[in-house]
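Engineer: So you can see what is in the structure, the chains are spelled out below.
Number of protein chains: 2
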Amino acid sequence: MSRSGEFELIHHFLAPLATTVGAGNLKDDAALIDPPAGRQLVVTTDSMVENVHFLGDGPPSLIARRLLRCNLSDLAAMAAQPEGYLLNLALPEWIDDAWLEGFAAGLAADQEEFGLSLIGGDTVATPGALTLTITAFGSAATPVRRSGAKPGERVFVTGPVGDGCFGLKAVRGAFDVPRLAERYWLPSPRFGRAEGATAATDISDGLVADLGHICRASGVGAVIDLHAVPLSPEVAALGKDARLEALTGGDDYELVLTAPDSMANSTNIPVGRIVPGEGVTVLDAAGHPVPLTRQGYRHD
Amino acid sequence: MSRSGEFELIHHFLAPLATTVGAGNLKDDAALIDPPAGRQLVVTTDSMVENVHFLGDGPPSLIARRLLRCNLSDLAAMAAQPEGYLLNLALPEWIDDAWLEGFAAGLAADQEEFGLSLIGGDTVATPGALTLTITAFGSAATPVRRSGAKPGERVFVTGPVGDGCFGLKAVRGAFDVPRLAERYWLPSPRFGRAEGATAATDISDGLVADLGHICRASGVGAVIDLHAVPLSPEVAALGKDARLEALTGGDDYELVLTAPDSMANSTNIPVGRIVPGEGVTVLDAAGHPVPLTRQGYRHD
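Protein chains in written order, with our numbering: chain E, 1 to 300; chain L, 1001 to 1300.
To be clear, the hints were calculated from the coordinates, so they are not data collected in a lab.
Be careful, since some hints might not be right.
Using C-beta positions, here's what the derived DEER-type ranges look like [what the hints assert, rightly or not]:
1. E:ARG216 - L:ALA1236: 38 to 46 Å
2. L:GLU1113 - E:ALA98: 29 to 37 Å
3. L:PRO1233 - E:GLY56: 43 to 51 Å
4. L:ALA1285 - E:ALA37: 41 to 49 Å
5. E:ARG216 - L:ALA1037: 52 to 60 Å
6. L:GLY1058 - E:ALA109: 39 to 47 Å
7. L:PRO1289 - E:GLU8: 40 to 48 Å
8. E:LYS150 - L:HIS1011: 48 to 56 Å
9. E:ASP241 - L:GLU1093: 28 to 36 Å
10. L:SER1188 - E:ALA109: 41 to 49 Å
11. E:ALA236 - L:THR1142: 56 to 64 Å
Which residues of chain E face chain L? A partial, calculated answer using Cβ under 7 Å [said to hold, decoys possible]:
12. LEU75
13. ASN88
14. VAL124
15. ALA129
16. THR142
17. ALA285
Note that the structure is predicted; figures quoted are calculated from it, not measured.
Idealized CB from N, CA, C, for every residue including glycine.
All chains, full assembly: derive it from the sequences and hints.
Structural biologist: Pasting the structure below:
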């Protein structure tokens, strides 16, 4: 195994990632983190396991960036700005310095793009699967929860739905559409787009399932107009069934949010309404409910 | 596999652990966390892997409590009080509901004892080893770093050194001393004991190694009086070599800290001095340096 011990590892590959608020923090037992004045601190965490949540032989820089971006997406859903993150690595023997170098380079690129710094973490050896955890911190003037949706409000999405789930198929070789594969590896956290929403979440389990989470937390129901849901040209080209699959496919990381009509002037795209009652109903062009066989992908 | 999906799992076993600040947080993409007025937020994280950091067939309630307490020990070393924690679980197939119930019961017991609440986390399946991560939050009026030690100050420990490393041997069956085995499973985070210190860290890598971390961060050296280092009666009874082994054995979770002489009136125990220079020297009763073959246990 061409790999250094924990302290050397931290120093060589990870210490350069502690760029701003983290200065000196990697040397202490705990890191200090303070939100900017007048803002609330929010925190989210995601774990990913080799060959469960990503392909172990994937490019380490893309594995790193996808892990960080999935966490940042949760911050964006709370209308927060990124501040810093913790990194926990459980590394099997096959991980070598070249892999770590690529992984750190991916994190460095996205730290630059999204303006945040590594502030701490823990690195351990494992006899099992590569296991990666990021815990991301953000700050929000007014955090948006899942529980604020009210009947009469509109349902919006922040962009085309389905790129993530079809992107995974592209990565797995089902078809050759490089832009979809890139959308899988590099989801775009939608910072700024949930501000002013009454409720929001990111589409990690599928639009229908994630809107369902908002409905349960808010004590309301929702109606989605199937043909109002935006698809990218690449997904639309995959045929008629792709539209319905896009509604229940996960890994998207666009946001679904609710807001009064006045938000309709924003760049967010209206796809339905909040109604009294419970559950999510999808209507076709004729206004008939579309039977759904799967309420969303469960990755546990 | 007798195990429920992620949402059921969270609801059934973990939601009851979100007792105070966490109320409702487990339902959102991110958790909100605010330190009490006038205090700074500190955060620490530790990952533990089955059969690397704990025995997989150990009691799940003790595995849970040890994981939480090792994190709390880092907060104590920063002179912080516990506020809340995130839990990331990567669960292999053999984990069943009974294991999860025991694990949650252990966390509940220590939440009660130390006054904190679960505020979020992530649960995933793994084809590999059981991997547990806790990220603990605390608040401190004046966080104590590793970098504040000055020549002339005393070095203190908060209690007997070596119970942790000999406790691990007891757990592994090397000898039958139940109190040491209990000290391994249930280290005591030393809250309140680092207040007023100029530098502090917990003894997870061994007294000599961890004091070495303080010395490097502070740009100083240190001298330890071998015979001033307190041992528990059980460790002292293990013979002459036990004293030296106790100085380099890890997993202790007492604190080592530095402070002016005035702190000598506290319940902390003086074991040495900070000096100009670098590195840690251990002196025997005659004042001669004791050669050390191992600067501390590395668990990577």
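Engineer: Take the hints in turn and mark each one as holding or not.
Structural biologist: We went through each hint and held it up to the structure:
For the pair ARG216 (chain E) and ALA1236 (chain L), the supplied restraint of 38 to 46 Å is violated, since their beta-carbon distance comes to about 59 Å. In this structure the supplied range 29 to 37 Å is violated for GLU1113 (chain L) paired with ALA98 (chain E), their Cβ-Cβ distance being about 45 Å. With their beta carbons about 50 Å apart, PRO1233 (chain L) and GLY56 (chain E) fall inside the hinted range of 43 to 51 Å. With their beta carbons about 55 Å apart, ALA1285 (chain L) and ALA37 (chain E) fall outside the hinted range of 41 to 49 Å.
Here the CB-CB span from ARG216 (chain E) to ALA1037 (chain L) is close to 34 Å, at odds with the stated 52 to 60 Å. Roughly 41 Å separates the CB atoms of GLY1058 (chain L) and ALA109 (chain E), a value that falls within the hinted 39 to 47 Å. A hinted range of 40 to 48 Å for the beta carbons of PRO1289 (chain L) and GLU8 (chain E) is inconsistent with their spacing of about 27 Å. With their beta carbons about 25 Å apart, LYS150 (chain E) and HIS1011 (chain L) fall outside the hinted range of 48 to 56 Å.
A hinted range of 28 to 36 Å holds for the C-beta pair ASP241 (chain E) and GLU1093 (chain L), which are about 33 Å apart. Under the hint 41 to 49 Å, the C-beta atoms of SER1188 (chain L) and ALA109 (chain E), about 43 Å apart, fit the expected range. Checking the proposed 56 to 64 Å range against ALA236 (chain E) and THR1142 (chain L) shows it holds: the Cβ atoms sit about 59 Å from each other. The beta carbon of LEU75 (chain E) is positioned within 7 Å of a beta carbon in chain L (closest approach about 6 Å), and the interface hint is therefore held.
With 7 Å as the threshold, the beta carbon of ASN88 (chain E) comes within range of chain L, its nearest partner Cβ sitting at about 5 Å, so the hint holds. Checking VAL124 (chain E) against chain L by beta carbon gives a least distance of about 5 Å; that is within 7 Å, so the hint holds. The interface hint given for ALA129 (chain E) holds, since its Cβ lies 3 Å from the closest Cβ of chain L, which is under the 7 Å cut-off. Evaluation of the THR142 (chain E) hint against chain L yields a violated restraint, the C-beta minimum of about 11 Å exceeding 7 Å.
Because the beta carbon of ALA285 (chain E) sits about 32 Å from the nearest beta carbon in chain L, more than 7 Å, this interface hint is broken.
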